[in-house]
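Colleague: Chains as they are written, first to last, in the working numbering: chain A, 4 to 192; chain B, 4 to 192.
If you're looking for bench data, these hints aren't it; they were derived computationally from the structure.
Idealized CB from N, CA, C, for every residue including glycine.
No farther apart than 30 Å at their CA atoms in a straight line, the calculated lysine-lysine pairs in the DSSO-like style are these: (1) K28(A) <-> K140(B); (2) K111(B) <-> K134(A); (3) K26(B) <-> K6(B); (4) K140(A) <-> K59(B); (5) K28(A) <-> K134(B).
Here are the simulated distance ranges between beta carbons: (6) G138(B) <-> S51(A): 22 to 32 Å; (7) Y189(B) <-> I21(A): 44 to 54 Å; (8) N171(B) <-> I192(A): 50 to 60 Å.
Number of protein chains: 2
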Amino acid sequence: MIKKIYLAGPDVFLSNAIEIGQKKKDLCKKYGFEGRFPLDNEIDPCCSTPYETGLKISQINEELIRECNLVIANITPFRGPSADIGTIFEIGLAKGSGLQIFAYTNTKILFTERTVRFLGIKSNKDVTGLKDNNGMKIEQFGMTDNLMIDGGIVNNKGMIFSGDVPENEMYTSLVVFEECLKYLQYHLI
Amino acid sequence: MIKKIYLAGPDVFLSNAIEIGQKKKDLCKKYGFEGRFPLDNEIDPCCSTPYETGLKISQINEELIRECNLVIANITPFRGPSADIGTIFEIGLAKGSGLQIFAYTNTKILFTERTVRFLGIKSNKDVTGLKDNNGMKIEQFGMTDNLMIDGGIVNNKGMIFSGDVPENEMYTSLVVFEECLKYLQYHLI
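Isolated chain A, as found in the complex (with noise of 0.2 Å):
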């Protein structure tokens, strides 16, 4: 039977989100799957208020990711140091339903250090390591973001890709993505 892969990501705020969906589901059939992406299914928002259609939106996510077998994340750093939250929350739900997590990221520069730029900070550093302007901890554990992220795909068995792309192409660029879809071509049972 062909896996279905959910194909979460911030992908769906491009302006071209639809023709970036369609790129990846093509990518996935050359690779033996069947792509799901979030937008595939379209509601009208036309009867209700945009609050009621952003329920509903999150909704059909919810569905779409239980029909999936597993999920490919697009965890590139969003708006902060950290990935889109919708995807985290999605592949937290993923994984609660027993979905295997892969994800890929757009940058190899690790998650301390595109914190610590991102807080401008210099040498908040105590014996306890490094803190924020509001004396918090910043994660110090080499990973490509939260711990619960890293922790939360490496301990089931799935992988983090990660590589360097053109800075224009941050968002758009499926170069790591295929990567992904080469290893599981051959790696899931």
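For chain A, the structure is supplied; the task is to place chain B on it using the hints.
Modeller: This is chain B only, laid out in the frame that chain A set:
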């Protein structure tokens, strides 16, 4: 049977995390619940690399979540316009694992406004709505955070509590947290 509540949030990064965790657990007890704080199961980092320690903490927290009946998540914006990403992974996992989710945030400013302020955007609005400088959409659903968060909670009979607290108590105030507990005292089956 006393309900066990997993206390998710960036509170774990506070320099007095253990003290705050104890205060939250005391408040849970006051309202008839048993609170479980992520740091409850401490691990000995002496015998592994930082990376392996991170993986272990993730595993322990996931086990702690699965032992609970519900989650109260602190989704106060953290290092960017959205909630702490580790917290969001946890509520996703909890929902997938069948737990009910409640959340609180120490600001009443909604997600769209926070994102616009964060990005410093003035007028990137076209007929399809607000965009960031990469041309990527900004959600406008009148929600507390990304629609997967609000939807994931509200569609599951959960609730999000919000209130404004003094700026310097953004990560320590337990006023809104206690409001959530007061509500749950009379509204949980």
